[in-house]
Amino acid sequence: MNIIHAVGVKKDFGALEVLKGVDLSVSQGEVVVIIGPSGSGKSTLLRCLIELERIDEGSIYVGDRALVENGVYAKEKDLREIRQRMGMVFQHFNLFPHMTVWKNLILAPLSVLKMDKKEAEDRAFEVLRQVGLLDKRDELPKNLSGGQKQRVAIARALMMRPDILLFDEPTSALDPELTGEVLTVMQDLARNDSTMVIVTHEMEFAKNVADRVIFMNEGVIALEGTPKEIFENSNHSRLLSFLARKDTSAEAMPST
Amino acid sequence: MKIANISKILLMGIGNTVTVFAVTLFFSIPLGLLLSFMSMSKIKVIKAPVRVFVFIMRGTPLMLQLFFVCFGLPFLPYVGQYLVMDRFVAACVTFALNYAAYFCEIFRGGLLSVDAGQYEAAKVLGLTKWHVRTKIVIPQMIKIVLPAVSNESITLVKDTALITTIGVTETLHYAKSLVNSTASVLPYGVAAAFYLGMTFVLTKLFAYLERKYAF
Numbered sequence: 024m025n026i027i028h029a030v031g032v033k034k035d036f037g038a039l040e041v042l043k044g045v046d047l048s049v050s051q052g053e054v055v056v057i058i059g060p061s062g063s064g065k066s067t068l069l070r071c072l073i074e075l076e077r078i079d080e081g082s083i084y085v086g087d088r089a090l091v092e093n094g095v096y097a098k099e100k101d102l103r104e105i106r107q108r109m110g111m112v113f114q115h116f117n118l119f120p121h122m123t124v125w126k127n128l129i130l131a132p133l134s135v136l137k138m139d140k141k142e143a144e145d146r147a148f149e150v151l152r153q154v155g156l157l158d159k160r161d162e163l164p165k166n167l168s169g170g171q172k173q174r175v176a177i178a179r180a181l182m183m184r185p186d187i188l189l190f191d192e193p194t195s196a197l198d199p200e201l202t203g204e205v206l207t208v209m210q211d212l213a214r215n216d217s218t219m220v221i222v223t224h225e226m227e228f229a230k231n232v233a234d235r236v237i238f239m240n241e242g243v244i245a246l247e248g249t250p251k252e253i254f255e256n257s258n259h260s261r262l263l264s265f266l267a268r269k270d271t272s273a274e275a276m277p278s279t
Numbered sequence: 006m007k008i009a010n011i012s013k014i015l016l017m018g019i020g021n022t023v024t025v026f027a028v029t030l031f032f033s034i035p036l037g038l039l040l041s042f043m044s045m046s047k048i049k050v051i052k053a054p055v056r057v058f059v060f061i062m063r064g065t066p067l068m069l070q071l072f073f074v075c076f077g078l079p080f081l082p083y084v085g086q087y088l089v090m091d092r093f094v095a096a097c098v099t100f101a102l103n104y105a106a107y108f109c110e111i112f113r114g115g116l117l118s119v120d121a122g123q124y125e126a127a128k129v130l131g132l133t134k135w136h137v138r139t140k141i142v143i144p145q146m147i148k149i150v151l152p153a154v155s156n157e158s159i160t161l162v163k164d165t166a167l168i169t170t171i172g173v174t175e176t177l178h179y180a181k182s183l184v185n186s187t188a189s190v191l192p193y194g195v196a197a198a199f200y201l202g203m204t205f206v207l208t209k210l211f212a213y214l215e216r217k218y219a220f
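If you're matching them up, the sequences are chains R and L in order. Counting in the numbering used here, the first sequence runs from 24 upward without gaps. Counting in the numbering used here, the second sequence runs from 6 upward without gaps.
With the rest of the complex left out, here is chain R (with noise of 0.2 angstroms):
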């Protein structure tokens, strides 16, 4: 069953053309990784799929309800709660800075989604427990190194129990030593069973992780399928010149 299923979806920066009609469904329990050049709509994309842009045409179901339809967007309430079913984790984190790690948690539940303060504040202790930082709930996010602040935006993520995650370039802003620690959480909430979209450019982490790896260009899904269709037995030539500029990349980066 498809958790979130989009049709045709196109988006326009005025005349930058960003996405020209982009299918993709995403079903219950499944990883999906989309690679591609920077450019290719891949953050675009992501962002459309939570509404933080708008898409000029196609449709965007979650679930079994729609977002969007032929371009026509549900009432604010209704896309409220249609959002409230994803979490994202951004590239730069959007901690709060003047709140704490556990304020950062639990303020959503208790505003949002009414939690009682016991109920959140569990909650908060199971999450932080699951990212590895509960020695550090008391600490304002300056306070943090780059991997635990991302550890901290995948548990404020979590405390509104999404059944979708989206990642958008997770790892990105972070210093190589430090992306590790998040991959691995990212790799085990995959491996409970937790939806994923994750824009990223960790080729590794997509071959190992990925049930399925979306590869975009220019706009479209120029390719799709299992890691190993992906990684190893492709001859897509965008797709080759691609995986081969990440690769040099790598390698002129020490400590990866």
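If a hint is listed, it holds; no wrong ones were tucked in.
Subject to a maximum C-alpha distance of 30 angstroms in a straight line, what follows is the list of computed DSS-like cross-link-like pairs (lysine-lysine):
#1 LYS128(L) - LYS140(R)
#2 LYS137(R) - LYS128(L)
#3 LYS148(L) - LYS140(R)
#4 LYS209(L) - LYS163(L)
#5 LYS140(L) - LYS100(R)
#6 LYS217(L) - LYS128(L)
#7 LYS100(R) - LYS128(L)
#8 LYS43(R) - LYS128(L)
#9 LYS100(R) - LYS134(L)
#10 LYS100(R) - LYS47(L)
#11 LYS134(L) - LYS126(R)
#12 LYS137(R) - LYS126(R)
#13 LYS269(R) - LYS230(R)
These are calculated hints, taken from the structure and not from any lab test.
Guided by the hints, dock chain L onto chain R, whose structure is given.
For chain L alone, kept in the frame of chain R given last:
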């Protein structure tokens, strides 16, 4: 005349100085915040009047505004008779409106500096617009605007001396009378010390707030 005696007389004026200062801050900060949100509205009929108001209040002398409110408004046709205010009240109203215009711009700058990612994170978590403003945006804006608000507050302490021009007795008014009656420059020195004392307290207060908002 001894400094103690001079101080005693100047203290009679300090009440008005401090009151105008406090009343102005009390009203102009919330009003400025409201205006800053209005001036960032996408709706033109909300935004345009605020821009005009800010343009006028920042673009004309505060002393002119004092004269206008205190002596000018009563001459307006039809409504003038209802606009005769006690001079002290007129001073407070004028100061509050004038400073609201400046705070509006300071807060607007602060709001614009809050990272777009904060709005996005709040949106995907499902926070309402009200919660985004009160729990996410405004606390971060405060940190950004504190140095500028501190600056404005110190300017305000000194601007209160302007109310002497519409005949409200405050610190500088008594200092000037004393200088004239005693033929000594000392009262000006004591008045200066009073202002320095007030700005010193403010400087410390804002330094404390900046430490508190160091996130």
